[in-house]
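Trainee: Residues per chain are reported as follows:
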Amino acid sequence: DTTVKQNPRYKLARVGKPVNLICSQTMNHDTMYWYQKKPNQAPKLLLFYYDKILNREADTFEKFQSSRPNNSFCSLYIGSAGLEYSAMYLCASSRDRGLAEQFFGPGTRLTVL
Amino acid sequence: AQSVTQPDARVTVSEGASLQLRCKYSSSVTPYLFWYVQYPRQGLQLLLKYYSGDPVVQGVNGFEAEFSKSNSSFHLRKASVHWSDSAVYFCAVRANYGNEKITFGAGTKLTIKP
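Protein sequences, first through last, are from chains B and G.
Residue numbers for the first sequence follow the numbering used here, beginning at 1 and rising by one.
Residue numbers for the second sequence follow the numbering used here, beginning at 1 and rising by one.
Be aware that a few hints might be false.
[Said to hold, decoys possible] Derived DSS-like pairs (lysine-lysine); straight-line CA-CA distance at most 30 Å:
id, chain 1, residue 1, chain 2, residue 2
1, B, Lys63, G, Lys78
2, B, Lys38, B, Lys63
3, B, Lys38, G, Lys113
4, G, Lys49, G, Lys101
5, G, Lys69, B, Lys11
6, G, Lys49, B, Lys52
7, G, Lys24, B, Lys52
8, G, Lys101, G, Lys24
9, G, Lys24, B, Lys44
10, G, Lys69, B, Lys5
11, B, Lys52, G, Lys69
12, B, Lys63, B, Lys5
13, B, Lys52, B, Lys38
14, B, Lys52, B, Lys63
15, G, Lys113, B, Lys52
16, B, Lys17, G, Lys24
17, B, Lys63, G, Lys113
18, B, Lys52, G, Lys109
19, G, Lys109, G, Lys24
20, G, Lys69, G, Lys101
21, B, Lys44, G, Lys69
22, G, Lys24, G, Lys113
23, G, Lys69, G, Lys109
24, G, Lys24, G, Lys69
25, B, Lys63, B, Lys11
26, G, Lys101, B, Lys38
27, G, Lys78, B, Lys44
28, G, Lys109, B, Lys17
29, G, Lys49, B, Lys38
30, G, Lys49, G, Lys24
31, B, Lys11, G, Lys78
32, B, Lys5, B, Lys17
33, B, Lys11, G, Lys49
34, G, Lys101, B, Lys44
35, G, Lys78, G, Lys101
Read the hints as simulated data drawn from the structure, not as lab findings.
Just so you know, these numbers come straight off a predicted model, no measurement behind them.
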């Protein structure tokens, strides 16, 4: 099974409220990634977990948090959503950080009102 | 630093016709290159990849891509498209060392006309 699951598929949030998105995979992959994708833009890497080590991109460092309670699950947390957070959030996993293929979930579409 | 440009946001092709989706990359080192495809309501899937060697690489479903170092390009081709090829196609690049991240292009939406 090469499936990456994401919940929920659609999320509506109010400005200033927290948002928590969930991703899971059963491939025993070491690395899990979160990307943000806005219309007509490239997927943008937000952060990734290599095993238990969290790596956040410098330009989004303070905007997103994440946790990985076990190998299979990874969450993306927004403490206070703003309108600019409206986007598709893609989760991916790979066997390692190197050349291994990344497997993507279907995404969660977040709309902030 | 690395970047990817997909100059065509949308491409429409008739079923049975040939296809080329363009990709230009910028990388300070020899790159690894990828094409991903996203079908409606699904996640991105790897179509093909280039690491080294023969500049023409074969992928799934009859797709191939050609790496050109002189042109900094990695164009995707298919000889005869099918309606099921309708999807968004993403070109991506990463450096050929360490654990560098993948940088994606903005994607090209392919529509197949009957």
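Trainee: For each hint given before, does the structure comply? Return the numbers of the non-compliant ones in rising order.
Mentor: 1, 5, 7, 10, 11, 15, 16, 17, 18, 28, 31, 33
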